[in-house]
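*Asks:* Each chain, letter by letter, is given below.
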Amino acid sequence: MTLEDFRSETRAWLEENCPPGMRTPMPDDERVWGGKNPVFKHPESKVWMERMVERGWTAPQWPREYGGGGLSRAEAAILTEEMNRISARPPLFSFGLGMLGPLLLDIGTQAEKERYLAPITRGEIRWCQGYSEPGAGSDLAGLQTRAEDKGDHYLVNGQKVWTSYAHHADWIFCLVRTDTSVKHAGISFLLFDMHSPGVEVRPIKLISGASAFCETFFDNVKVPKDQLVGEVNGGWAIAKQLLAHERAMISQLGARGGNRLPPFKDMARRYAGDANGRIADPLLRDLVARQLINDRAFESTSKRAIGSADAAAGVASMLKYYGTEQNKRKMEVIMKCAGYAGLGWEGEEFDDNDLVLCRSWLRSKGNSIEGGTSEVQLNVIAKRILGLPD
Amino acid sequence: MADQLTQQDHELLRDTAARFFGERSPLGAMRQLRDEQNEVGFDREVWREMSEMGWAGILIDEADGGVDLGYRALGTILEQSGRTLTASPLLSTVLSATPIISRAGNEAQRADTLSAVADGALMIALAHEECPRHAPHRIATRAVKNDDGYVINGKKTFVLDGHVADRLLLVARTSCEDDQREGISLFLIDNALPGIRIKRTRMVDSRNAANIRFNNVQIPAGSIIGTVGGGADILDPVLDGARAGVAAEMLGSGQEAFDITVEYLKVREQFGAPIGSFQALKHRAAEMYCEIELARSAVYAALDALDQKARDAAELVCVAKAKACDMLELVSNEAVQMHGGIGMTDEADVGLFLKRARVAQQLYGDVVFHRQRFADLIGL
Chain A
158 MTLEDFRSET RAWLEENCPP GMRTPMPDDE RVWGGKNPVF KHPESKVWME
208 RMVERGWTAP QWPREYGGGG LSRAEAAILT EEMNRISARP PLFSFGLGML
258 GPLLLDIGTQ AEKERYLAPI TRGEIRWCQG YSEPGAGSDL AGLQTRAEDK
308 GDHYLVNGQK VWTSYAHHAD WIFCLVRTDT SVKHAGISFL LFDMHSPGVE
358 VRPIKLISGA SAFCETFFDN VKVPKDQLVG EVNGGWAIAK QLLAHERAMI
408 SQLGARGGNR LPPFKDMARR YAGDANGRIA DPLLRDLVAR QLINDRAFES
458 TSKRAIGSAD AAAGVASMLK YYGTEQNKRK MEVIMKCAGY AGLGWEGEEF
508 DDNDLVLCRS WLRSKGNSIE GGTSEVQLNV IAKRILGLPD
Chain B
28 MADQLTQQDH ELLRDTAARF FGERSPLGAM RQLRDEQNEV GFDREVWREM
78 SEMGWAGILI DEADGGVDLG YRALGTILEQ SGRTLTASPL LSTVLSATPI
128 ISRAGNEAQR ADTLSAVADG ALMIALAHEE CPRHAPHRIA TRAVKNDDGY
178 VINGKKTFVL DGHVADRLLL VARTSCEDDQ REGISLFLID NALPGIRIKR
228 TRMVDSRNAA NIRFNNVQIP AGSIIGTVGG GADILDPVLD GARAGVAAEM
278 LGSGQEAFDI TVEYLKVREQ FGAPIGSFQA LKHRAAEMYC EIELARSAVY
328 AALDALDQKA RDAAELVCVA KAKACDMLEL VSNEAVQMHG GIGMTDEADV
378 GLFLKRARVA QQLYGDVVFH RQRFADLIGL
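So the protein sequences, as listed, match chains A and B. Taking the working numbering, the leading residue of the first sequence gets 158, the next gets one more, and so forth. Taking the working numbering, the leading residue of the second sequence gets 28, the next gets one more, and so forth.
The set of hints was computed from the structure by calculation and includes no laboratory data. All of these numbers come straight from a predicted model, not from anything done at the bench. Positions of the beta carbon are idealized from the N, C-alpha and C atoms, including for glycine. Among the hints, a few may not be true.
As the list claims (entries may be wrong) - List time: in silico BS3-like cross-link candidates among lysine-lysine, alpha-carbon distance up to 25 angstroms: (1) 336(B) - 460(A); (2) 397(A) - 203(A); (3) 203(A) - 193(A); (4) 540(A) - 293(B); (5) 193(A) - 307(A); (6) 226(B) - 182(B).
Said to hold, decoys possible - Covered by chain A, per the in silico footprint, the following chain B stretches (three or more residues, Cβ under 8 angstroms): (7) 289-302; (8) 324-330.
Same shape as in the complex, but just chain A:
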């Protein structure tokens, strides 16, 4: 099938199968995350997910045998374009799709692929990521959560923090220490059920008022030994590989929107523009233009990076660093444009957009911290790309 045929077929299928309600801007709480107890707040979101699952298009480029769509990169790009054309919502949000799945496709055994991938594409298992600990943030390899070899199972003890959506997750992919005598070479990559006895989760309230992050405690959690991915003590290389996937994902958050805010340009014009949306104040206009120029250049950079054969770790770090810092700059510019209107916390005196703006501005501060701080990304670039000495 030619790409043009694929495009017309895809367009026709989406026309027929994407429900009208799934072509509207999506509030955060209408996102579909799947899992054992899935929430479909919007009535049409369930059928939309099911239809996309059936087609393999929740994971368009994964092989069909694991529930994917088997599309080429060019075909997947067309699918994205066609979905954007009708403003179709992503059918399923998932750390399994964005992080664990790509990793297992890369390095997983046949058995692991068969066991874990298809349920991810069908949204049956909701995954969370157990990386950071109270004493291991930027110095991630200093993590202390222990997995002791007890013969027929591992016994996990310790604490994770900033575990996104752990309170809704079914399973966790988790970095654990299997050797305490060495640092990087004593880490392993373990998968286990969050409903296991000994797992406790406490949401953390953030400056934005939201509680998407959790503290996660493990007290003598028994994990079957076949749930360790890769080699024992070989987890650090896996951890870094997965971080590259995560960073590429986070770098695009600002570009794709993905939250409840209208596009940056529209907001700037609404808050700072006259009746025609023209921004009369030359300094505000310059601030806005500057960020829109950065956005265009970043968009071209993302395309160029994704088009190149390998997204090396350093390149993922560049995208993560620039994308998140750029998102923060844009939020600050919009706050300047909005003035008092952007400062509302709650209540009916502010309209919904104003309130979302304020919370989103606060939330954006985490973009350059989660998934490795900006400073860590700069370290990675200096080392991996520029070859500067330690």
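Please build the complex by placing chain B on the supplied structure of chain A, with the hints as guidance.
*Replies:* The following block gives chain B in isolation, referenced to the frame of chain A:
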């Protein structure tokens, strides 16, 4: 033709250009031209060799004697020339003046110039700017119709290769007020007509530019290009190509100044360690890397958009020049600072990049110009 170039073609052209400039026109050659106050301002032999490779005719149609490889290909060559700070008629003749004749010249004008330009035998300078800052439509130089053609009065500044060009492509006003887009006309004229006085200016980057005065210069009626008063419609898209081309040269200069600086960070030792091991410098270097990559993407996107005649080409050109300006200002300043005292010496190459940077930043609009133009174009 430009559409048919593959990724491999571009890589081959890049490697060819990198090797050529590295061997035939390294930084030392630029220093020598500067130090001997060379009359011509560039190496005619190097230009002849560049022309033999087809680079002088890279934007000219095959029917007119060129090779028509497009802006992306020319940008690739300019980027490499920026690494060695090579002066050549690429900017003046190939990028700025000749495309006007290619697009709007009549049969006689095309036959008279295009194949000669492609052969490297003819140089044309764009006599356009009149203000200290780029102002494409602020034209006070007047062309007044008389029985013999037009009489020109006015003054042009910052005319690239103005003192060595064989012809001038003159932007003059035939009607309307001095800052209006309407009423601008283009003329292809000889540089040796009575009443033309050309003075070379010595610029900080040691490159060629000239001030040109026109005092009651009589030119023939047949020298006009396109329609009377419709010059801006021809000029504006050519200027966009020129802006993207200069941005490509700036990209190469920024990359080279950065590479030189990173190398220095690895070898210069203080406090018993290479200074590149200090996080304060590492982070600044990594930030520069990001800015260079952003500028690179923006430049390539603009060049591609020009070749594809994309709807948003003008916007992307603004993005490219704006990002290239910000990037090169940052990198050229940091290059000097990170070299410490050595960076202030004439012997260190980073100073050459700093000097060229500011000229290239102003050329065809600096970051302020392009931010404003971008805002206008997108209706902010």
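*Asks:* So, for every hint listed, does it hold in this structure?
*Replies:* Status of the hints after comparison with the structure:
| no. | hint | in the structure |
| --- | --- | --- |
| 1 | 336(B) - 460(A) | 19 angstroms, holds |
| 2 | 397(A) - 203(A) | 34 angstroms, violated |
| 3 | 203(A) - 193(A) | 14 angstroms, holds |
| 4 | 540(A) - 293(B) | 12 angstroms, holds |
| 5 | 193(A) - 307(A) | 29 angstroms, violated |
| 6 | 226(B) - 182(B) | 11 angstroms, holds |
| 7 | 289-302 | holds (count 5) |
| 8 | 324-330 | holds (count 4) |
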